[in-house]
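Go ahead and model the full structure; you've got the sequences and the hints to work with.
All the letters of the sequence shown, read from the start, carry residue numbers 1 to 119 under our numbering.
Incorrect hints may have been included.
List of simulated lysine to aspartate or glutamate pairs, EDC-like, C-alpha gap at most 20 Å [unchecked claim]:
| id | residue 1 | residue 2 |
| --- | --- | --- |
| 1 | Lys12 | Glu63 |
| 2 | Lys12 | Glu53 |
| 3 | Lys12 | Asp23 |
| 4 | Lys12 | Glu38 |
| 5 | Lys12 | Asp33 |
| 6 | Lys12 | Glu96 |
Note that these hints are calculated values from the structure, not bench results.
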Amino acid sequence: MDFRQLDPACVKRILEREVSLRDIRYIAQVEVDPAALEYRWGSPEVVSDYLAEWVCFAFSPGEGQAFFLQREVHHPPAPGFILSVTRGLFFTEAAELIVRALGIAGARVVRMTEEAWPG
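This is the structure in structure tokens:
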């Protein structure tokens, strides 16, 4: 599957634990209304790691790929969510494609990592 043609109809919620965290990389900071995100996609998971407790929405567009929207529960350092993706989605256009696939009005990419691969 060519993920540069991300089909919103193929995006589904998954459990965060279904993805190895070693396979996930930060790609962008995304501004999205948490209430709209929950209304559209259901309640988030709350997960913990060695840094913090996180609100997490995990998704898969298919073919073994995944992306997460995460926000620190108690002391978020910035507004919005962190967008992290698996290797197949780690290209510069992916963040915009993912935000569109979420289907939430007003959602937007605020900041991109400089490490993402050119599409």
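Against the structure, the hints come out as follows:
For the suggested pair Lys12 and Glu63, the alpha carbons sit about 12 Å apart, so the restraint of at most 20 Å is met. Distance check on the hinted pair: Lys12 and Glu53 sit about 23 Å apart at the alpha-carbon level, beyond 20 Å; violated. A threshold of 20 Å between alpha carbons decides the hint, and for Lys12 with Asp23 the separation of about 18 Å falls inside it, so the pair holds. With a CA separation close to 14 Å, the supplied pair Lys12 and Glu38 stays within the 20 Å bound.
A threshold of 20 Å between alpha carbons decides the hint, and for Lys12 with Asp33 the separation of about 19 Å falls inside it, so the pair holds. Pair hint Lys12 plus Glu96 holds up; C-alpha atoms about 17 Å apart against a cutoff of 20 Å.
The structure does not agree with numbered hint 2 stated previously, though it agrees with all others.
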